[in-house]
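Given next are the chains, with one letter for each unit.
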Amino acid sequence: MSFLLPKLTSKKEVDQAIKSTAEKVLVLRFGRDEDPVCLQLDDILSKTSSDLSKMAAIYLVDVDQTPVYTQYFDISYIPSTIFFFNGQHMKVDYGSPDHTKFVGSFKTKQDFLDLIEVIYRGAMRGKLIVQSPIDPKNIPKYDLLYQDI
Amino acid sequence: MAPAQRCPLCRQTFFCGRGHVYSRKHQRQLKEALERLLPQVEAARKAIRAAQVERYVPEHERCCWCVCCGCEVREHLSHGNLTVLYGGLLEHLASPEHKKATNKFWWENKAEVQMKEKFLVTPQDYVRFKKSMVKGLDSYEEKEDEVIKEGLVSWKMIFPDGPRQGMAVPDPEEGSSAPRSWKGMNSQVASSSQQPSNLDLPAAPELDWMEIGPSLTFIGHQDIPGVGNIHSGATPPWMIQDEYIGGNQEIGPSYEEFLKEKEKQKLKKLPPDRVGANFDHSSRTSAGWLPSFGRVWNNGRRWQSRHQFKTEAAAMKQSHTEKS
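Quick note, the sequences are listed as chains A and B, same order. Mind the numbering: the first sequence is residues 1 to 149 in the UniProt record's numbering, read in order. Mind the numbering: the second sequence is residues 1 to 324 in the UniProt record's numbering, read in order.
Do not rely on the hints blindly, as some may be mistaken.
Claimed, not checked - With a straight-line Cα cutoff of 16 Å, these simulated EDC-like cross-link-like pairs (lysine to aspartate or glutamate) come out:
| id | chain 1 | residue 1 | chain 2 | residue 2 |
| --- | --- | --- | --- | --- |
| 1 | A | 24 | B | 280 |
| 2 | B | 310 | A | 74 |
| 3 | B | 264 | A | 43 |
| 4 | B | 266 | A | 23 |
| 5 | A | 7 | A | 43 |
| 6 | B | 268 | A | 23 |
To be verified - Far from chain A by the CB rule (all over 12 Å, computed), these chain B residues:
| id | residue |
| --- | --- |
| 7 | 270 |
| 8 | 272 |
| 9 | 288 |
| 10 | 322 |
Read the hints as simulated data drawn from the structure, not as lab findings. Ideal placement from N, C-alpha and C gives every residue a C-beta, glycine not left out.
This is chain B alone, in the form it adopts within the complex:
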């Protein structure tokens, strides 16, 4: 009997030694695994010719399991806002480690030799893919530009006088900045393209059709020339240092307070039903204060002993004054 060996494809332990790979069960498992992987690889191959660039969607985080290497591979390559479809998978298929692993896998599992070629991507193919990726990015950018222009046209139609105070900029503007940063273009180009759209922005009179329902109280335009506001990036009022803060400017408890807090923590750990747990150590007592003392000749409870003492003392004093 051969020693126990584990076949990762069948996910089983067997004792047949080298004979297991020729068994029907194993070959069936092999076929199924390759069939699972094949469609992804085929789709990736198609993408070599015509790379597609899409806007990023969380679905693009999906990973594919490569049977040959026994590892998870990111299917699509994403950067910022955009994704190149099947970029990750192609990169993996073209890598030399994958080639070695595929060869090993084919030899060990005794799979069909013709099939092997389908799962490999040559480096030349990968270069071709990269070229088509660049082309794809360009075309994506052109598409985005067109969308922006359309958006601006419709914007100008709605607001012939320019946007009102506090209006949000429409979304296509944001999308356009991403491919520009991707290509590493000059930021000057980006800002100059945005300026023409902002040229006609005088302080707008109120448009009647904007006020629907109960009218809001207008409290005045809040732009003071010279002093910045949140939009211009001025320092917030709470960050401005006051002219004088009493004492030191440290925030939080001082060292003594910290020590006191530590003492209090220790106190909490003591048993709560100990003697005098609720004794107020810092209370001010009068000169005539006496502690609670269970006197020797006292009849009754402890707290009465003080009372008894005081009455006795008064009685003694009286008898003294009487005598004298």
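Isolated chain A, as found in the complex:
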């Protein structure tokens, strides 16, 4: 299903996407196309992308091709989904230790839709961090790797 969504293959393209998406939530999925969890996530993303076309723009980024961003965004687990709005990074409190990105896949399409809506509303009201509407049971668990340990 990943061939339905646009892909970004270089830092320049990612920069372009971040700068040019106006008044819509930018969803960047960092991962690899072959990874099974990525495939699941990509499925959900592609099925909801048309419904969200007015609110969000979704892109897939391969972590191997953009090492700069892999380090800058501190991506240790894939898939990681990062949200931007008008060039500003949007943080979401999922109940997990990392608020800067969503790690893993969503359980249902509705979870993703709700999340996007919450982010969009928060951004419209000027909030840089929002509270996730997803049930904490459905959030994938992971251990945060401590830096330099």
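Keeping the supplied structure of chain A fixed, place chain B upon it in accordance with the hints.
Okay, now just chain B, sitting in the frame of chain A:
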């Protein structure tokens, strides 16, 4: 008790049925209304014999209220520059609808029968009025002609050599054209009468007594033979098409610009305090640009995260090069 009825003359509702019209109050109102209308009608009657034609003045727009028909009537008839006094009122009084309405009014309000005749104008009277109107127009024209001639005489006395360049034509000339158009006369007659006055118009030398006060700089006569000017009705310079206008000759924004304007309109409707409202989407950034990202292990504000990342990256690079 009779049903409620409204008497338009007294402007009141009453419950007496047919008895109201015989009451003192009603008859008094009736008398007053007719007394208001009577002088106008009398003046109009006088005008049947001798119709007066006057120059148009805004006062001639006045309307008179006809009680019988319950409508406003233009008193004077005006056309262009001229007015025929009481023309409108007479026309109305002679009309058959007014006759019917007057009869009805007299019957319903139980007014005096002798008075009725005064408010009606027979068709023969109206024809007589029309004849006198034509006579009046003729005499008005003759008067205007006389005024023009007098004006021309005085004009010639002031300017024996003819008018200077750029002088305005005196006013009576304009008034004379109106009755001529009224009668529908040939325009040739009008122009031929004006020509004799323009025959002696050579380019005049400057007259001393015209220059009062500081003298103006004379920049030369601006008549180039062949090329017209504003007086001769030539095309204005800004209407002349240039030989080449780059691209297409459409005025105004192109279609893309119009679409962009529509987008901007939509943007204005968005809340102004949304995230990144002042983000410049079209700015050129260098290759090393990083978005503002609140990193996981960053201490301090978001904008510092970029800085921190860069220093960390530099440190890592150094340690790599050291190792190798």
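Failing hints, ascending?
Violated: hints 3, 7, 8, 9.
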